[in-house]
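Participant: The chain contents come next:
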Amino acid sequence: MQSEVMFAGFGGQGILLIGKILAYAAMEEGFEVAWIPSYGPEMRGGTAYCTVVISDRPIGSPIIKNPLHLVAMNRPSLEKFSNIVRPDGVVLINTSLIPIGSGRNDVSELKVPAVEIATELGNVKAANIVALAAFVARTGLVSTETLKKCVKQEFAKKPKVIDLNMKALEEGIRAAS
Amino acid sequence: MAKVLMKGNEAIAEAAIRAGCLNYFAYPITPQSEVAEYLCWRMPEVNGVFLQGESEVAVAYMIFGAAAAGARVFTTSSSPGISLMSEGISYLAGAQCPAVFVNIMRGGPGLGGILPSQADYLQATKGIGHGDCRMLVMAPATVQEAAEMVMKAFPLAEKYRNPVMILGDGLIGQMMEPVEFPDDLKSEPTNKDEWATNGMDHRKSKTRNLVRSLFLDPVVLNNNNLVLKEKYEKMKDEILFESYNTEKDYRILIVSYGTMSRVCRTAVDMLADEGIHVGLIRPQTLFPFPEEAICKAVTSSGCKLVLSIEMSMGQMLEDVQRSVLGACPVEWYGKCGGEVPTPEEIIDLIKARMASL
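Protein chains in written order, with our numbering: chain W, 1 to 177; chain G, 1001 to 1357.
Calculated directly from the structure, the hints in this document are not laboratory data. Any given hint might turn out to be false.
To be verified - Dumping the calculated SDA-like pairs for lysine to any residue here, alpha-carbon to alpha-carbon at most 20 angstroms:
no., chain 1, residue 1, chain 2, residue 2
1, W, K149, G, V1004
2, W, K65, G, K1351
3, G, K1003, W, A156
4, G, K1003, W, T146
5, G, K1003, W, E154
6, W, K80, W, G45
7, W, K65, G, K1335
8, G, K1003, W, P58
9, W, K157, G, K1335
10, G, K1335, W, S38
11, W, K157, W, R174
12, W, K65, G, E1339
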């Protein structure tokens, strides 16, 4: 069994980071993982995306034409990638910045106002963690317990923001239910 | 040590430290700059040295200096940077000094692009420097393998008293995968008294070590190069490759290395699910090349076609043709602008070629 998740949004939204946290969590649960960034001549405010591959077998191609899931944090990302998601995948839509749907009836849409939720918690920067938590809660790719552990680990050097991110996790999980 | 998630570039950096290499000289270039980023804080932790040279030309001679003094030393760069180091690499080979060079390839020629490529195959395996200069070249396909090859490269460079290259593509450098390091591998070159200018006091032999690649007497130069030739031949002991699905009856054999080989492996798996068997050989050493293994895979099967699939315009192709010795046709497939072909593309290619066999 192999799942691939594409995370996409603006540079600065913490897209690569949430991809990395998911990869870490899956590794902790014993899966084979690969995290593949889009790297190229990027600019501030441009698009950023990465793909996380999670498998119970050694991972072959790191190049994924059709990922199973998509986490879209801004409108250009949804417009660009919603058509490549495989049927029955989950498409997370950050409705705070995306006023449209995926236009697909063969995927499961998960609408989360990630920016609003994070702003209410006191810091818009946590929108990525809200989205990640909601996505994990919906797909069950890893347990939310492992996810919590890995988020704590990721921010271990910035203890001041751990509380905020733990709250963001809880709210994300709630948004998915 | 437990598994950690690391970029290939970071794993290469850490692997060098685990191998006891405390000298890193480099000049930044995409897509391998994370090696320098990592080592600029990590080297001081282990009392090592990271010095950024003023250019890749300078870096190659910093490497030469450290190697001549008997220190473990390495550098990392990407395609245009390796071209600039080429002169120094030839001097190292001529003077028989060991060092490790990592090339995380990007597209070319010229400045090319910054996305993954395998277009420096011929440079690495056949034209890394002027003169009768060759180097052992290893090509990793995973982050774990990149780390392992770096750790192996230092003792091999010392064994042969010759530069060794790790040839990865941009994706190997940029991708994160779990990697596990041995706890402690730290060691010193055991044979450095053979070449190092490290003083005479502790040495039993009282012959001077001279670090030089200038031999104006043609007989002496010829003899020196015969010594090099013998070493290049002996490097065949280090040939490594991986066979995949070759126990099956196949009519097409793929030869592919690095990231490209992983894509091919997925294509082989997907085709096997449809009942179509394709063999795959992945060279892990590119020089020396696993020619006998490829020849055997062709002659001992019903193989009718060999495909050299690479992210270049068909460079390894020549080595594959040489290995097959005309036993069956060898064709090239690939891309080299920075896009990595997908498994679906490879499957379409195989099916189209199957139909015409």
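Participant: Please go over all the hints and tell whether each is borne out by the structure.
Facilitator: Here's how the hints hold up against the structure:
1. Between K149(W) and V1004(G) the CA atoms are separated by roughly 15 angstroms; this keeps the pair inside 20 angstroms, and the hint holds.
2. Of the pairs offered as hints, the one joining K65(W) and K1351(G) holds, with about 19 angstroms between alpha carbons and a cut-off of 20 angstroms not exceeded.
3. With a CA separation close to 18 angstroms, the supplied pair K1003(G) and A156(W) stays within the 20 angstroms bound.
4. About 16 angstroms separates the Cα atoms of K1003(G) and T146(W), which keeps this hinted pair within 20 angstroms; it holds.
5. For the hint linking K1003(G) to E154(W), the alpha-carbon distance of about 15 angstroms falls within 20 angstroms, and the restraint holds.
6. Annotation: proposed proximity of K80(W) to G45(W) holds, straight-line Cα distance about 16 angstroms (limit 20 angstroms).
7. Taking the CA atoms of K65(W) and K1335(G), the gap is near 16 angstroms; set against the 20 angstroms cutoff, the hint holds.
8. Among the hinted pairs, K1003(G) with P58(W) is consistent with the structure: their alpha-carbon atoms are about 15 angstroms apart, no more than 20 angstroms.
9. Only pairs whose Cα atoms come within 20 angstroms are accepted, and K157(W) paired with K1335(G) is rejected, the gap being roughly 42 angstroms.
10. At most 20 angstroms may separate the alpha-carbon atoms for a hinted pair to count; K1335(G) and S38(W) meet this at roughly 18 angstroms.
11. For the proposed pair K157(W) and R174(W), the alpha carbon gap of about 27 angstroms is over 20 angstroms, so the pair is violated.
12. Simply put, K65(W) and E1339(G) have alpha-carbon atoms about 12 angstroms apart, close enough for the 20 angstroms limit, and the pair holds.
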